[in-house]
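Asks: So the protein sequences, as listed, match chains A and B.
Quick note, the first sequence lines up with residues 4 to 117 if you use the numbering used here.
Quick note, the second sequence lines up with residues 643 to 755 if you use the numbering used here.
Hints in this document: simulated from the structure, not taken from any laboratory.
Just so it is clear, CB atoms sit at the ideal spot from N, CA and C, and this is done for glycine as well.
Be a bit skeptical, because a hint or two may be false.
Said to hold, decoys possible - With the Cβ distance kept under 8 Å, some of the chain B side facing chain A (calculated, not the full set):
| # | residue |
| --- | --- |
| 1 | Leu661 |
| 2 | Gln676 |
| 3 | Arg679 |
| 4 | Pro682 |
| 5 | Ser688 |
| 6 | Leu691 |
| 7 | Leu704 |
| 8 | Gln742 |
| 9 | Phe745 |
| 10 | Gly746 |
| 11 | Lys747 |
| 12 | Gly748 |
Stated by the list, open to error - Far from chain B by the CB rule (all over 10 Å, computed), these chain A residues:
| # | residue |
| --- | --- |
| 13 | Val15 |
| 14 | Thr23 |
| 15 | Gln25 |
| 16 | Gly43 |
| 17 | Met44 |
| 18 | Glu62 |
| 19 | Arg80 |
| 20 | Thr105 |
| 21 | Gln106 |
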Amino acid sequence: NAGVTQTPKFQVLKTGQSMTLQCAQDMNHEYMSWYRQDPGMGLRLIHYSVGAGITDQGEVPNGYNVSRSTTEDFPLRLLSAAPSQTSVYFCASSYWAGSQETQYFGPGTRLLVL
Amino acid sequence: KQEVTQIPAALSVPEGENLVLNCSFTDSAIYNLQWFRQDPGKGLTSLLLIQSSQREQTSGRLNASLDKSSGRSTLYIAASQPGDSATYLCAALSGAGSYQLTFGKGTKLSVIP
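So here's chain A without its partners, still in its complex pose (with noise of 0.2 Å):
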């Protein structure tokens, strides 16, 4: 098992540029999420979804758009990029959200937006 997969590792952005955060696991968990993490913020939600074709807004989820078409694959959307999207992006999975799973974590997506 790869287990959870982000593609790019690092990428940089100007102001209003759009682009999808990819992230991909092969372990068949119906639970997937996004984390932001920001220095001295800690990691933050910003979406998630409980299976195919279910997602939800966690924390912070102005800016970002999320779908899940299926149940290996949840993209972050960013739709205009703005300086304060500048963070490290981490896809986490479970088999589902419940009590007795933890949250296997994607090694994160360096984003830099001038």
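Put chain B on the given structure of chain A with help from the hints.
Replies: Same frame as chain A, but now just chain B:
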């Protein structure tokens, strides 16, 4: 809204010492409490998960405890090694129906040889 706090923010100890990392949370209605390790430039690795009905979990030199009533968890690391140097994050799973993980800001541990 759940808030998770970790103290201290940074800790430096000589090799071989036993140490305790602290985590507190404001909403005791949690499903579980998880401890993660993060190495520089890397993702998060799960260390221990304590369900809300449990008091502690152990894995090797690591022991995590949970006291829901006081809103506290501790991670005990025995006989620390330089390889234990990393940032340790605790996270509380809560939120009726939404199952959201709320993270603390982490404790950066340095174990000096």
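Asks: Next step is simple, just say for each hint if it's right about the structure.
Replies: Evaluated hints:
| no. | hint | result |
| --- | --- | --- |
| 1 | Leu661 | violated (21 Å) |
| 2 | Gln676 | holds (6 Å) |
| 3 | Arg679 | violated (11 Å) |
| 4 | Pro682 | violated (11 Å) |
| 5 | Ser688 | holds (4 Å) |
| 6 | Leu691 | holds (5 Å) |
| 7 | Leu704 | violated (14 Å) |
| 8 | Gln742 | holds (6 Å) |
| 9 | Phe745 | holds (4 Å) |
| 10 | Gly746 | holds (6 Å) |
| 11 | Lys747 | holds (4 Å) |
| 12 | Gly748 | holds (7 Å) |
| 13 | Val15 | holds (17 Å) |
| 14 | Thr23 | holds (19 Å) |
| 15 | Gln25 | holds (15 Å) |
| 16 | Gly43 | violated (7 Å) |
| 17 | Met44 | violated (7 Å) |
| 18 | Glu62 | violated (8 Å) |
| 19 | Arg80 | holds (21 Å) |
| 20 | Thr105 | violated (4 Å) |
| 21 | Gln106 | violated (7 Å) |
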